[in-house]
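K.L.:
Below are the chains, spelled out letter by letter.
Protein chains: 4
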Amino acid sequence: MSFSLRLPVRFAHVDAAGIVFYPRYFEMLNAAVEDWFAARTGIGFAELHLERGLGVPTVKIDSQFVAPSRLGDMLTITITVERLGESSCALRYAIECNGEDRVRASAVLVCMNLDTGKSTPWPAAIRDRLAATDMIAIQSVA
Amino acid sequence: MSFSLRLPVRFAHVDAAGIVFYPRYFEMLNAAVEDWFAARTGIGFAELHLERGLGVPTVKIDSQFVAPSRLGDMLTITITVERLGESSCALRYAIECNGEDRVRASAVLVCMNLDTGKSTPWPAAIRDRLAATDMIAIQSVA
Amino acid sequence: MSFSLRLPVRFAHVDAAGIVFYPRYFEMLNAAVEDWFAARTGIGFAELHLERGLGVPTVKIDSQFVAPSRLGDMLTITITVERLGESSCALRYAIECNGEDRVRASAVLVCMNLDTGKSTPWPAAIRDRLAATDMIAIQSVA
Amino acid sequence: MSFSLRLPVRFAHVDAAGIVFYPRYFEMLNAAVEDWFAARTGIGFAELHLERGLGVPTVKIDSQFVAPSRLGDMLTITITVERLGESSCALRYAIECNGEDRVRASAVLVCMNLDTGKSTPWPAAIRDRLAATDMIAIQSVA
Chain A
68 MSFSLRLPVR
78 FAHVDAAGIV
88 FYPRYFEMLN
98 AAVEDWFAAR
108 TGIGFAELHL
118 ERGLGVPTVK
128 IDSQFVAPSR
138 LGDMLTITIT
148 VERLGESSCA
158 LRYAIECNGE
168 DRVRASAVLV
178 CMNLDTGKST
188 PWPAAIRDRL
198 AATDMIAIQS
208 VA
Chain B
68 MSFSLRLPVR
78 FAHVDAAGIV
88 FYPRYFEMLN
98 AAVEDWFAAR
108 TGIGFAELHL
118 ERGLGVPTVK
128 IDSQFVAPSR
138 LGDMLTITIT
148 VERLGESSCA
158 LRYAIECNGE
168 DRVRASAVLV
178 CMNLDTGKST
188 PWPAAIRDRL
198 AATDMIAIQS
208 VA
Chain C
68 MSFSLRLPVR
78 FAHVDAAGIV
88 FYPRYFEMLN
98 AAVEDWFAAR
108 TGIGFAELHL
118 ERGLGVPTVK
128 IDSQFVAPSR
138 LGDMLTITIT
148 VERLGESSCA
158 LRYAIECNGE
168 DRVRASAVLV
178 CMNLDTGKST
188 PWPAAIRDRL
198 AATDMIAIQS
208 VA
Chain D
68 MSFSLRLPVR
78 FAHVDAAGIV
88 FYPRYFEMLN
98 AAVEDWFAAR
108 TGIGFAELHL
118 ERGLGVPTVK
128 IDSQFVAPSR
138 LGDMLTITIT
148 VERLGESSCA
158 LRYAIECNGE
168 DRVRASAVLV
178 CMNLDTGKST
188 PWPAAIRDRL
198 AATDMIAIQS
208 VA
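For the record, the sequence lines run as chains A, B, C and D. In this text, residue positions in the first sequence follow our numbering: the first is 68, and each later residue adds one. In this text, residue positions in the second sequence follow our numbering: the first is 68, and each later residue adds one. In this text, residue positions in the third sequence follow our numbering: the first is 68, and each later residue adds one. In this text, residue positions in the fourth sequence follow our numbering: the first is 68, and each later residue adds one.
Where chains are identical, the list cannot tell them apart; a pair therefore holds if satisfied intra-copy or between any two copies.
With a straight-line Cα cutoff of 20 Å, these simulated SDA-like cross-link-like pairs (lysine to any residue) come out:
#, residue 1, residue 2
1, Lys185, Leu151
2, Lys185, Arg137
3, Lys127, Asn97
4, Lys127, Arg137
5, Lys127, Cys164
6, Lys185, Val133
7, Lys127, Arg159
8, Lys185, Val175
9, Lys127, Ser173
10, Lys185, Gly85
11, Lys185, Ser155
12, Lys127, Gly85
13, Lys185, Asp168
14, Lys185, Pro124
15, Lys127, Glu167
Derived by calculation from the structure, the hints in this document are not laboratory data. Since we're looking at a predicted model, the values are computed, not measured.
Just need the whole structure built from these sequences, with the hints factored in.
P.N.:
In structure tokens, the structure reads:
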């Protein structure tokens, strides 16, 4: 199922208009992806990158900024796996505040061999864990 | 025509894998939008936001990260106006390095009244300037 | 007493050498200041800035980066009030990982009237709360 | 002598109060250090880190934010070498806008072996170039 992370809109996120500067949303999404990946696979990004020599770069992301978010808003970022390929993964992201839509996005991540810089099939153990859809995890530590 | 800004890939842009962390590309695109807007309309973002009470938030952006960029790469960011609406503007972005595709994106920006937080028609003078397509500007100051 | 916030070292924080890029530490410190201020005074930064027209800019910060922090490290940021002035506040920051020193810093923040851009005495209610040193708060939500 | 880099205050740099969020100044200083180092030694950060396995982390920085900078301000960042040690370098930074002081800082950088994570003496060629004080370079490309 889906995975959620709650994050406050901080001073560092907002612009002169007092609303979240949109590049900051992608930093938040990446934080959620880190936690989702670790929760699903048991492998943190440190182990993945530094010990296993793998990365999961985003190769495509389509985003809609539905409504502005303001300083102090508590955001809920939800990640849903849409499709799991041989060496890729399609994710759907939703950022909400009290049930109100803020951002909708869909992304494709690939499993990359950091040595070659090329995509590589998911290790079986990782793929199996990402494919498990019967889990619901709500995490609130940023 | 199109507008270009050249920016180096800096230490602040890259991640542990030595490649540009994708949220940083959106900061670069925003820098290019600032310079494009000022070059086209003669109005900087400071004047736009602080004196005129207008903003141009991005409401939609679809992005493809075609190939990774590395520390020290000199990137060229090109902005092309695709369509100019009553209160919106569709832009196409390309980020290249020595003619090699790195990022392709298309975005919609709206003219927003910062007091109401709602979209508002472009002021005629701004719209006329954005509509002028016979200009080519190459800027290399970041 | 002191106030603490726990934050993980995320992908967004590290550089090509795999360690925290030092400007990111200041974003973490600012996050801790936001939470400290809200915990101490009951006033979030949104209310402070947007409703009360006050800010608390950092006017001075001296920092030592004692040891590098790496992706996945769980950091504890501790804030201690050193001195509370008429319109300023001296804070001591410590960032640690499992009891190991990472960053030591001391800063001066001032209470600023956002309209005039000048320092202004702390409102009595805020000053009284900041002066209360008998509280210990451990917060772990980022 | 000193080295200067000119950078505009961009939308990405300012906070809800419309002034530069202080962690962004450190990103600007780091950009200036990159350009200073490349101009002085002929070695870019990419070559330094990726080919030579060396880094120049900041181990200490003391900063004063003398006056706020606003969206659209054109800043001049000046770097002066204060002292060159066996494996370290003390730098003085000044950020000004039209001759008006904005930030004053002094920092110590060390030459670090990225494999061992420990400081190492400057390679002679680099040290000699950093020691050459008869150069004045004004660079305006960000």
